[in-house]
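J.: Based on the provided sequences and hints, a complete structural model is requested.
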Amino acid sequence: PRALPIGPICGYAAFGGSAAGADTWGGNAGAFYTVLCAIAICMAACGMSNMPATTHELVSVANCVFKWLWLHAIGMLTTGVATGVLIATSVSVTSAFDAPSDSIGRVIMLVIVAVIVVHALIWYCVPPQVKTKVVDQSVIFSNKHNYVMTYLYIMTFGSFIGFSGAFPKLLKDLFGYLPDGTVNPDAPDVLYYAWIGPAVGSLIRPVGGYMSDKFGGALVTQVHTVIQTFASVACGILCWQARERLNDGKENLDLFPPFVFMFVVLFYCTGVGNGSTFRMIAIIFEKHEAAGVLGWSSAIASFGAYIIPALFGVAIKQKSPQTVMYFMAAYYFSCIGMNHWYYLRKGCEKPC
17 PRALPIGPIC GYAAFGGSAA GADTWGGNAG AFYTVLCAIA ICMAACGMSN MPATTHELVS
77 VANCVFKWLW LHAIGMLTTG VATGVLIATS VSVTSAFDAP SDSIGRVIML VIVAVIVVHA
137 LIWYCVPPQV KTKVVDQSVI FSNKHNYVMT YLYIMTFGSF IGFSGAFPKL LKDLFGYLPD
197 GTVNPDAPDV LYYAWIGPAV GSLIRPVGGY MSDKFGGALV TQVHTVIQTF ASVACGILCW
257 QARERLNDGK ENLDLFPPFV FMFVVLFYCT GVGNGSTFRM IAIIFEKHEA AGVLGWSSAI
317 ASFGAYIIPA LFGVAIKQKS PQTVMYFMAA YYFSCIGMNH WYYLRKGCEK PC
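All residue numbers for the sequence shown refer to my numbering, where the first residue is 17 and numbers rise by one.
Please keep in mind that the hints were generated in silico from the structure rather than gathered at the bench. A couple of the hints might just be wrong.
Think about it this way: if two alpha-carbon atoms lie no more than 27 Å apart in a straight line, the pair counts; the simulated DSSO-like pairs of lysine-lysine are [unchecked claim]:
(1) Lys160 to Lys149
(2) Lys185 to Lys83
(3) Lys303 to Lys366
(4) Lys147 to Lys83
(5) Lys147 to Lys230
(6) Lys188 to Lys303
(7) Lys333 to Lys188
(8) Lys266 to Lys185
(9) Lys266 to Lys335
(10) Lys160 to Lys362
(11) Lys83 to Lys303
(12) Lys160 to Lys266
T.: See the structure below:
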């Protein structure tokens, strides 16, 4: 708790505190972050001050802050390496990645580089006390279900975080312009709708956990993955129709409501699936492994925030955003088979 005031102080100093209604308020992340940190300070002071130091190895506040800064330095160094690769492979530097298919390969390559660098740094450069726990948790990499659940968790959390970043831009590109390419003055304000899907996905997650407790995590995951597959195909068809309308010189705003609705269905499925796969991990793995699997799968799935918007960016440039939705539908279909084989069918390895 004594270290937490650093956050709001730095946030307010960096971004200021513009009043609500001012032109800069909507993008003032620092002011909003200050409020969140203030709430966190109160919660930590009231609910975390009684943690036994022997259990959590709390030598001192300075020691804990030092470890925190050390681990963050590893993350920042990884970001620096990935950023260097990003600049080195940019079209302005080299022509090796100027084709659309090459751009997608570049995105995948950057993710692989970041994963390799951060894991190498975590393995060789973490504090000794942390290294012991890393070694203990590395046992998960010899368990194939770690990779199966990571594959499924990318479908839920990875899709959620990726669609959250791509949804606003997709709305604007598909419905924000007239057939001649000028801004459509009658287009709906993207900011009024962009938050709905992420909000639904976030709020419905506990419901997914509750449904999994009642019906089983594998079954809940299976049902919602089927819905998610059909919703992805439907969004792809709507993307194609919206783009074709513009190509034919016609307006497409009548497709806006069903498109938003189907995307909200996608967010709903990713939210429920997030809760159900979370519950599956807790059942499939031993207690000492579950935390490591959750951390690993969440970390890998979080790259969806970068990959999915990047894929949409390439597809939109080629005027075929529906391709990404069809690709995601094919991926979700493979998840149906994998979930059924390992966790749902009669005689499966890990019924849950």
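J.: Run every hint past the structure and note whether it holds.
T.: Structure-based check of each hint:
1. Lys160 to Lys149: Answer holds: Lys160 to Lys149 is near 21 Å, not above 27 Å.
2. Lys185 to Lys83: 38 Å, violated
3. Lys303 to Lys366: Distance ~15 Å between Lys303 and Lys366 Cα, so the pair holds.
4. Lys147 to Lys83: 12 Å, holds
5. Lys147 to Lys230: 38 Å, violated
6. Lys188 to Lys303: 45 Å, violated
7. Lys333 to Lys188: Holds, at about 14 Å.
8. Lys266 to Lys185: 21 Å, holds
9. Lys266 to Lys335: Holds, at roughly 16 Å.
10. Lys160 to Lys362: Answer holds: Lys160 to Lys362 is near 20 Å, not above 27 Å.
11. Lys83 to Lys303: 25 Å, holds
12. Lys160 to Lys266: 51 Å, violated
Of the numbered hints given earlier, the model fails hints 2, 5, 6 and 12; all others are met.
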